[in-house]
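Once you've looked at the hints, dock chain B against the given chain A.
Residue numbers (my numbering), protein chains in the order written: chain A, 2 to 333; chain B, 479 to 658.
Any given hint could turn out to be false.
[What the hints assert, rightly or not] Taking beta-carbon pairs under 10 angstroms as the criterion, some of the chain B residues facing chain A (in silico):
#1 G503
#2 A505
#3 G510
#4 G515
#5 L516
#6 T518
#7 M520
#8 M528
#9 H550
#10 R551
#11 E553
#12 G556
#13 S603
[Unchecked claim] Just some of the chain B residues that point at chain A, by a computed CB distance under 10 angstroms:
#14 T512
#15 G526
#16 T529
#17 Q531
Honestly, the hints are just simulated from the structure, not real lab data.
Idealized CB from N, CA, C, for every residue including glycine.
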Amino acid sequence: MLPLADTQFVEATWIMVVKSLIIFAVIFGIVPVLTVVERKLIGRFQHRYGPNRVGPFGLLQPLADLFKLISKQGFRPDNAIPLLYVLGPLLPILSGVMALAIIPWGDVQDGVGLYGIDVPIGILYFFAVGSLGFYGLLLGGWSSGSKYSLLGAMRGAAQLISYEVSMGLALFGVIIMGGSLSLVDIVHAQGALWFVVPQIVGFLIFMLAGFAETNRTPFDMPEADAELVQGYMTEYGGMRFGSFLMVEYLEIIVVCGVAAAMFLGGWMGPGPSWLDPVWMLAKMSVLVFFFIWVRATLPRLRYDQLMGLGWKVLLPLATLNVLVTAVLVVAT
Amino acid sequence: MPDFPYLEDQDVVEVQRGPEPGGVGGAYRAFGETLRGLKTTMARLIEGPMTIQYPEEKTPVYPRFRGRHKLHRFEDTGLEKCVGCSLCAAACPADCIRVVAAENIPGERVSAGERYAAVYEINLSRCIFCGYCEIACPFDAITMGHDYEMADYGREDLIFTKEMLLAEPLDRTPLKAEGE
Numbered sequence: 002m003l004p005l006a007d008t009q010f011v012e013a014t015w016i017m018v019v020k021s022l023i024i025f026a027v028i029f030g031i032v033p034v035l036t037v038v039e040r041k042l043i044g045r046f047q048h049r050y051g052p053n054r055v056g057p058f059g060l061l062q063p064l065a066d067l068f069k070l071i072s073k074q075g076f077r078p079d080n081a082i083p084l085l086y087v088l089g090p091l092l093p094i095l096s097g098v099m100a101l102a103i104i105p106w107g108d109v110q111d112g113v114g115l116y117g118i119d120v121p122i123g124i125l126y127f128f129a130v131g132s133l134g135f136y137g138l139l140l141g142g143w144s145s146g147s148k149y150s151l152l153g154a155m156r157g158a159a160q161l162i163s164y165e166v167s168m169g170l171a172l173f174g175v176i177i178m179g180g181s182l183s184l185v186d187i188v189h190a191q192g193a194l195w196f197v198v199p200q201i202v203g204f205l206i207f208m209l210a211g212f213a214e215t216n217r218t219p220f221d222m223p224e225a226d227a228e229l230v231q232g233y234m235t236e237y238g239g240m241r242f243g244s245f246l247m248v249e250y251l252e253i254i255v256v257c258g259v260a261a262a263m264f265l266g267g268w269m270g271p272g273p274s275w276l277d278p279v280w281m282l283a284k285m286s287v288l289v290f291f292f293i294w295v296r297a298t299l300p301r302l303r304y305d306q307l308m309g310l311g312w313k314v315l316l317p318l319a320t321l322n323v324l325v326t327a328v329l330v331v332a333t
Numbered sequence: 479m480p481d482f483p484y485l486e487d488q489d490v491v492e493v494q495r496g497p498e499p500g501g502v503g504g505a506y507r508a509f510g511e512t513l514r515g516l517k518t519t520m521a522r523l524i525e526g527p528m529t530i531q532y533p534e535e536k537t538p539v540y541p542r543f544r545g546r547h548k549l550h551r552f553e554d555t556g557l558e559k560c561v562g563c564s565l566c567a568a569a570c571p572a573d574c575i576r577v578v579a580a581e582n583i584p585g586e587r588v589s590a591g592e593r594y595a596a597v598y599e600i601n602l603s604r605c606i607f608c609g610y611c612e613i614a615c616p617f618d619a620i621t622m623g624h625d626y627e628m629a630d631y632g633r634e635d636l637i638f639t640k641e642m643l644l645a646e647p648l649d650r651t652p653l654k655a656e657g658e
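Next comes chain A alone, as it looks inside the complex (with noise of 0.2 angstroms):
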């Protein structure tokens, strides 16, 4: 097997295009639907309904919400900086969509590959451009010219150093059992044994990570609404605010598509092969309902023991995982 991409897999631009078009649309579309489904299983874990009120079973308020959010006024604060503010929100979305691109969707039916790139660095495209949203998160939270925003972009930025490492680490024993970088590569050998199962451990620091990545519970630091009053998002109003929201979503789905891939055996289930998106996405949707059933159980953790798991706990394990794969992968 390679252990990169097949570079000499070509397309045409018009299919690329449409391809990246399609895979826009569906993504676009199933964030609203996310934050709303979120909501309604978070009011489920509380003995709730959730929202209820706006269209059949409340499924219209996102529309209602995105309504909202675009009439307000775009505001900025006396002291914040125009252009870096301005930026905050934005680099979020453009590293949350560019991410999107890797995620495989399906193998290559009739000439066209179901999956934006398979880039030949395959995962290390997804952690370049994951990085690149924390940039947006740290100009957003230091450009807006308050205390709490800065706290809590600075907690962001040592968040991103400590989980990114594991993150990686965690990942590295997939690389070495299926022999490549590319996600495409990684889900054909997954065709007897999905990765979850030898590198369980993996998995779970991956998830681990993966909520310390998107920010959510147990891991909001940089938001802490209790505390921080949403740190880094306190001076963003209007839709400016509803794109950090709105990428809260997206990088979970980017997160646990990547998690799919690697783990749960990407696009193999039963069936056509017609059904090979749907049962990629029905591994992710299962994995975001871990992230919302997560969300709803556990309460925010205190900085030093974030800190702590990070450093002493999860990177210790994370390269005894690496360790391990690499020792009995060359073993046997």
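Same frame as chain A, now just chain B:
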């Protein structure tokens, strides 16, 4: 041996604790407790919501719930039970009932007694829903109903006249089921 969690000759109460935070034991505890928490929340999801969808679905009240007052008529003759004795007004600690009595004229009787209440007003913005009027009434003419939706736009709208108190409520407040 008394049924106490401590021994009488011991000063220190031994409490069972899990492993301290940190280390392998702490990690195990954190993991186990996390799983327990996840199980707890999942059980809530399976139980389903307990919300009462208020405007469509009203909170049931107990049979003796003291809501808005009702004036009653005799069911057979249709005459008002109230004879205008003003005992309810005398019993009212909030002084919210106003009764003006008048003599019944033969031929167009309003109440069963000698006199009837020409004006019977309850100022619900003052009422404290103590139910003393109900107890004071010798003819059971006034009782506390079950309605609790009394919000209105002005104070003057909260002064309920005799006609309003005699009328049946537009929709009934549900009663709690037996044993609920």
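Okay, the hints, checked on the actual structure:
Hint status for B/G503: violated, given a least beta-carbon distance of 13 angstroms to chain A, over 10 angstroms. Look at B/A505: its Cβ gets to within about 6 angstroms of chain A, closer than 10 angstroms, so that hint holds up. Because the smallest distance between the Cβ of B/G510 and any Cβ of chain A comes to about 13 angstroms, over 10 angstroms, the interface hint for this residue is violated. Below 10 angstroms, beta-carbon pairs count as interface contacts, and B/G515 has one with chain A at about 5 angstroms; its hint therefore holds.
Among the interface hints, the one on B/L516 holds; its C-beta lies about 5 angstroms from the nearest C-beta in chain A, closer than the 10 angstroms criterion. Checking B/T518 against chain A: minimum C-beta separation of about 7 angstroms stays under 10 angstroms; hint holds. Given the 10 angstroms rule on beta carbons, the hint for B/M520 holds: about 7 angstroms separates it from the nearest Cβ of chain A. At its closest, the beta carbon of B/M528 sits 5 angstroms from a beta carbon of chain A; the interface hint therefore holds under the 10 angstroms criterion.
With 10 angstroms as the threshold, the beta carbon of B/H550 stays out of range of chain A, its nearest partner Cβ sitting at about 39 angstroms, so the hint is violated. A least Cβ separation of about 41 angstroms between B/R551 and chain A goes past the 10 angstroms threshold, and the interface hint is therefore violated. At a threshold of 10 angstroms, the smallest CB-CB gap from B/E553 to chain A is about 42 angstroms, leaving the interface hint violated. Interface restraint check: B/G556 against chain A, minimum CB-CB distance 44 angstroms, threshold 10 angstroms, status violated.
The beta carbon of B/S603 is not positioned within 10 angstroms of any beta carbon in chain A (closest approach about 30 angstroms), and the interface hint is therefore violated. Given the 10 angstroms rule on beta carbons, the hint for B/T512 holds: about 7 angstroms separates it from the nearest Cβ of chain A. At about 7 angstroms, the closest approach between the beta carbon of B/G526 and any beta carbon in chain A falls short of 10 angstroms, and the interface hint on this residue holds. Look at B/T529: its Cβ gets to within about 5 angstroms of chain A, closer than 10 angstroms, so that hint holds up.
Interface hint status for B/Q531: upheld, as the beta-carbon distance to the closest one in chain A is roughly 8 angstroms, under 10 angstroms.
Violated hints for the displayed structure, listed by number in ascending order: 1, 3, 9, 10, 11, 12, 13.
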